[in-house]
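Chemist: Read off the chains here:
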Amino acid sequence: MLLKNTYNEFIKILAKPRSYLGIGALTLLVLLILFAMKADGKSFISFVTASFEQTLSFNGNILNGNLIAFIILQMLIVHIPLLVSLVTGDLISGEAAMGTIRMMATKPISRTQIVLSKFIAGAVYTFILTLWLGFLALIVGKWMFGSGDLIVLNSDGLVILKEQDILWRYGLSFGVAYLALLTISTLSICLSAFAENSIGPIVSTMSIIILFTIIGTLDVSVFDSIKPFLFTTHMASWRSFFEDPVPWTTIRNSVSILVIHNIVLVLIAVYKFNKKDITS
Amino acid sequence: MENTEIIKVQHLAKNFGSFQAVKDVSFTVNKGDVFGFLGPNGAGKSTTIRCMLSLIKPDNGQIQLFGKDLNKHRNEILSKVGSIIEKPDFYRYLSAEKNLAIFARISGKDVSKREIAEMLDFVGLNGRNRDKVGGFSHGMKQRLGIAQTLLHQPDLIVLDEPTTGLDPQGIVEIRNLILRLKSEQNKTVILSSHQLSEIELISNRMVIINKGQSIIEGDVKELLNAQEMVVQLEVNDMEKTINVLKIRFESASFKQINERIIEVNIEKQLVPSLNQTLVQEGVEVHAMEPKRKLEDFFMKIIQS
Ligand SMILES: Nc1ncnc2c1ncn2[C@@H]1O[C@H](COP(=O)(O)OP(=O)(O)OP(=O)(O)O)[C@@H](O)[C@H]1O
Ligand SMILES: [Mg+2]
Numbered sequence: 042m043l044l045k046n047t048y049n050e051f052i053k054i055l056a057k058p059r060s061y062l063g064i065g066a067l068t069l070l071v072l073l074i075l076f077a078m079k080a081d082g083k084s085f086i087s088f089v090t091a092s093f094e095q096t097l098s099f100n101g102n103i104l105n106g107n108l109i110a111f112i113i114l115q116m117l118i119v120h121i122p123l124l125v126s127l128v129t130g131d132l133i134s135g136e137a138a139m140g141t142i143r144m145m146a147t148k149p150i151s152r153t154q155i156v157l158s159k160f161i162a163g164a165v166y167t168f169i170l171t172l173w174l175g176f177l178a179l180i181v182g183k184w185m186f187g188s189g190d191l192i193v194l195n196s197d198g199l200v201i202l203k204e205q206d207i208l209w210r211y212g213l214s215f216g217v218a219y220l221a222l223l224t225i226s227t228l229s230i231c232l233s234a235f236a237e238n239s240i241g242p243i244v245s246t247m248s249i250i251i252l253f254t255i256i257g258t259l260d261v262s263v264f265d266s267i268k269p270f271l272f273t274t275h276m277a278s279w280r281s282f283f284e285d286p287v288p289w290t291t292i293r294n295s296v297s298i299l300v301i302h303n304i305v306l307v308l309i310a311v312y313k314f315n316k317k318d319i320t321s
Numbered sequence: 046m047e048n049t050e051i052i053k054v055q056h057l058a059k060n061f062g063s064f065q066a067v068k069d070v071s072f073t074v075n076k077g078d079v080f081g082f083l084g085p086n087g088a089g090k091s092t093t094i095r096c097m098l099s100l101i102k103p104d105n106g107q108i109q110l111f112g113k114d115l116n117k118h119r120n121e122i123l124s125k126v127g128s129i130i131e132k133p134d135f136y137r138y139l140s141a142e143k144n145l146a147i148f149a150r151i152s153g154k155d156v157s158k159r160e161i162a163e164m165l166d167f168v169g170l171n172g173r174n175r176d177k178v179g180g181f182s183h184g185m186k187q188r189l190g191i192a193q194t195l196l197h198q199p200d201l202i203v204l205d206e207p208t209t210g211l212d213p214q215g216i217v218e219i220r221n222l223i224l225r226l227k228s229e230q231n232k233t234v235i236l237s238s239h240q241l242s243e244i245e246l247i248s249n250r251m252v253i254i255n256k257g258q259s260i261i262e263g264d265v266k267e268l269l270n271a272q273e274m275v276v277q278l279e280v281n282d283m284e285k286t287i288n289v290l291k292i293r294f295e296s297a298s299f300k301q302i303n304e305r306i307i308e309v310n311i312e313k314q315l316v317p318s319l320n321q322t323l324v325q326e327g328v329e330v331h332a333m334e335p336k337r338k339l340e341d342f343f344m345k346i347i348q349s
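Protein chains in written order, with this note's numbering: chain B, 42 to 321; chain R, 46 to 349.
Certain hints may be false.
Quick list of in silico lysine-lysine cross-link-like pairs, BS3-like style, CA-CA up to 27 Å [unchecked claim]:
#1 B:K45 - R:K256
#2 R:K132 - R:K158
#3 B:K317 - R:K256
If you want the footprint, here are the derived chain R segments under chain B, 3+ residues with CB under 8 Å [stated by the list, open to error]:
#4 87-101
#5 138-144
#6 147-158
#7 182-188
Read the hints as simulated data drawn from the structure, not as lab findings. Backbone N, C-alpha and C fix where the C-beta goes; we use that ideal spot for every residue, glycine too.
Looking at chain R on its own, in the form it has when it is part of the complex (with noise of 0.2 Å):
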């Protein structure tokens, strides 16, 4: 039962006109994922989830929900999914429940006026029941997102950037509520987000894509935790500290950034020795700052 895979996306590949949005993207995802899709603007998340949704047709590659293709099993797969693409949008001249009525009502399962109302107070919009969604601000559109994402009680959820445009309580309600779906329902989340930080609190497996191409997937614990640092310097004399790490720390990698600045490739047990002989040595260490390996990686991704 534990390792089943509810997502199987391989090679996926998606052209608009001649620009390749995807190229080759693959990656999958478990039952009671909370699983993190990581990459920078236009990376083409957006793009791969349309294609795990049947919104857009896929120039190549294969996608399986729940074991099966999707092409072939498209409307008994939907049914067991909830998801968000991008932003929610809903019908601006009609209420909150009516709008939810309507999303329920080709949802596939018989959802109650009173699951209707129930999901609402969940949310946190009890009271705009009967208020048109014209009128909603952006955090309350994505709440009522939320709730039709939930309603018909799908087995995966997909959120496509859930928390972009929500202040800093409405983040950590979504965080909190995403916890408690993974805890108390064992549902399986897939979340895309261009924030590390974001993914590494709330999922526990991940995927990073760029340019269109997946490029690393893999646990979020063993990934950020691999035993490589990477130390950002600042000293006052770079040939002295360029000699201590040749002499001294021969596993360490280095690059020279500018005449004060230097990255140094390092095991993270050997950070603290480090400092400590460059102060030894005479070197003032203006300042230092740790990144881990994967975080500095993703950071390159972004700026290049």
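If we strip away everything but chain B, and leave its shape as in the complex, we get (with noise of 0.2 Å):
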């Protein structure tokens, strides 16, 4: 019963004209930093660069794919999680609204198993607008700027990574990245099951990513301890693999706060989901 409503959840997601609107603006956004880098970039980084470019030993073009999928990931992460929540918010609560839930509730499917293929829904969403932006950056990127070291400006400096050092760096970092999106995504599903429309669970997701960035960007000593738990402390660190050395062990408590926030969010909301009256 799980594969077959997750099958269904799938059909519904493809339907959907804004399941595509995500795709579209990630594409168009992507391909805008493409071309005005194509055009303009030289200038745009070479106030960067030019004092370096005498005394270091650089291989190849400073511009060149690497690095413009570096620039693509850092401008872009803080807004495809609009473009999750536009999505994955509507799960639940888009068929609260539409009546639909009332249709799917009075079928020999527990509530637990709907909550469950909506999570895998999401998720497979998620990844597939992962790997599209990875596509986009990082190979038409390569296509189009050429291979090269990646220069990166890091707290405590400037690294140079080498050309043949970067491809697993790239890997793991969107695999980072993959799952502070999933988080994302749980988030806003979660929400989802609270809501009978689909506009709430969006906006309350992107509030709350706002009011926690601001929290963890506050130089206030009193968050200073709840910071490290924050969802959207861990977003940016993707970049932590562009480091030298990786620092493995801020990664491993990264990714493991990510964890616990997905596992306790689908929690909630299959726990939600059951108790709730089907009113709709």
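Put the two chains together into one complex; each comes in its own frame, and the hints tell you how they fit.
Modeler: What follows is the structure, encoded as structure tokens:
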């Protein structure tokens, strides 16, 4: 039953125009950045690097596909949560608003399985979105700008990563970025279990992200104790893979916190949806 | 085999906050019944039906379907039930056949593409298989709802006001369909309505509920053909009429509504002679409206 309904959820997501909105917007944004970089990237980049270019040993063009992908990830990781929650925040509440949840809930499938199949579908959608981002940023980026060493400005200074030392870092960082986006997906599906309209969960998801991000950036000591536990703090941990050496403990910590978030949110949604009276 | 209890609801109660939507509803539906679930707007029909389908959790009472407790055997029970509650809702962005396929997939039975096409033919939606449901009229959605209800060949069919919003022909079609389901396939049907006339046409048994309570349950014919009638008379001479009633029709009780209209409870076979006697006594009877006791009772419930 779980598999059958997950299949149903895919059919629904594939048929909804808004599912393509996210992918379309992402494509547009990335292409925009790519073309802007192609047209004017040199001047954008040179004021940062001009002083280093002579003194550092650097292979190839600074403005290469690896750097482009890094810039794109950096710029878009803030916006993709909106595209994710646009689809996932609607998965339960949209059906409550439409009335179809009532039809589903009179079928011989448990409420838990209904919710779980929506989480699976949301996870797959988010995965496809992340994969598409990776393809556009890295593959199309390299195709347009060629490959080369990656120069990254970190908190502790400039890092230069050799061309052959980069791909695995992207692989893992997309993995962690996916986990962060999955947390967004899980959060908005969870909120979706509490709502009867589709706008509410989307707006609340974004509000929570904004609120947590603000708390995370405020330099106030009262927040210091909660900052490490906010999922937004770990949204950027994909970047850690571009440090040298890679701070594995920090990453492991981030991953555990995100995983715990996902588990707790799924449990809350399952509990809430099971207890809920369906009166729509 | 006969008289197997398909639905047994006992002392059902459900509150929404402090509001008691259902206070105490009990009734039993037997195999092969077309059971009428009658009550005015807001009586608690839909709430009771939602409880029966596990959409909402009752605060009190027991629900058994097919002789089994709903809480303990939910999925097994629901795979044998087809239902429409209040109105059929579908995925607007999907076609009629895709919608049916989606619900069939979680119905607990395997339904083939051909069966879906045949079902769409059966409810008169042939040619619209590929059209998006978003463009369907209310009546068409209702038909699709019926298709969805029957697709997995359930033993029990629950229809909450299936004829609302249908044109007269649609209403007749649904009525005939229900009668055929009973006679040809021996299905059990429970349908809610706020019209006694509708229930009378197709049901063999019924329950009347009002303000969250079940009031009367029984055989439709017996309940409706009870010997007592309520006759409303419009007369020119009220005093004489009351005298005639007191002297010649001792068994009848009456209630004066105003100076020209009086309501008489009287046995069915005495109605012609009441008319005759009044005319003989020189009373002009301007109007005489006989109503069956239950009909009158139900009208009063609705008006109160
Ligand atoms: N979700 C809810 N929250 C609060 N009150 C509700 C809710 N659902 C129903 N009610 C109330 O419960 C009562 C019974 O409603 P219900 O829908 O069961 O009536 P009904 O018999 O189906 O009426 P109708 O003929 O209009 O369909 C009504 O007074 C209604 O206002
Ligand atoms: Mg109702």
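Chemist: Decide, hint by hint, whether the structure agrees.
Modeler: Each hint, compared with the structure:
1. B:K45 - R:K256: It is violated: about 41 Å lies between the C-alpha atoms, which goes past 27 Å.
2. R:K132 - R:K158: It holds: about 25 Å lies between the C-alpha atoms, which stays within 27 Å.
3. B:K317 - R:K256: 24 Å, holds
4. 87-101: With 5 residues closer than 8 Å to chain B, the segment 87-101 of chain R meets the three-residue bar; holds.
5. 138-144: Since 3 is at least three, the answer is holds.
6. 147-158: It holds: at least three residues are needed, and the segment 147-158 of chain R offers 6 whose Cβ sits within less than 8 Å of chain B.
7. 182-188: violated (count 0)
Hint violations for this structure: numbers 1, 7, all remaining hints satisfied.
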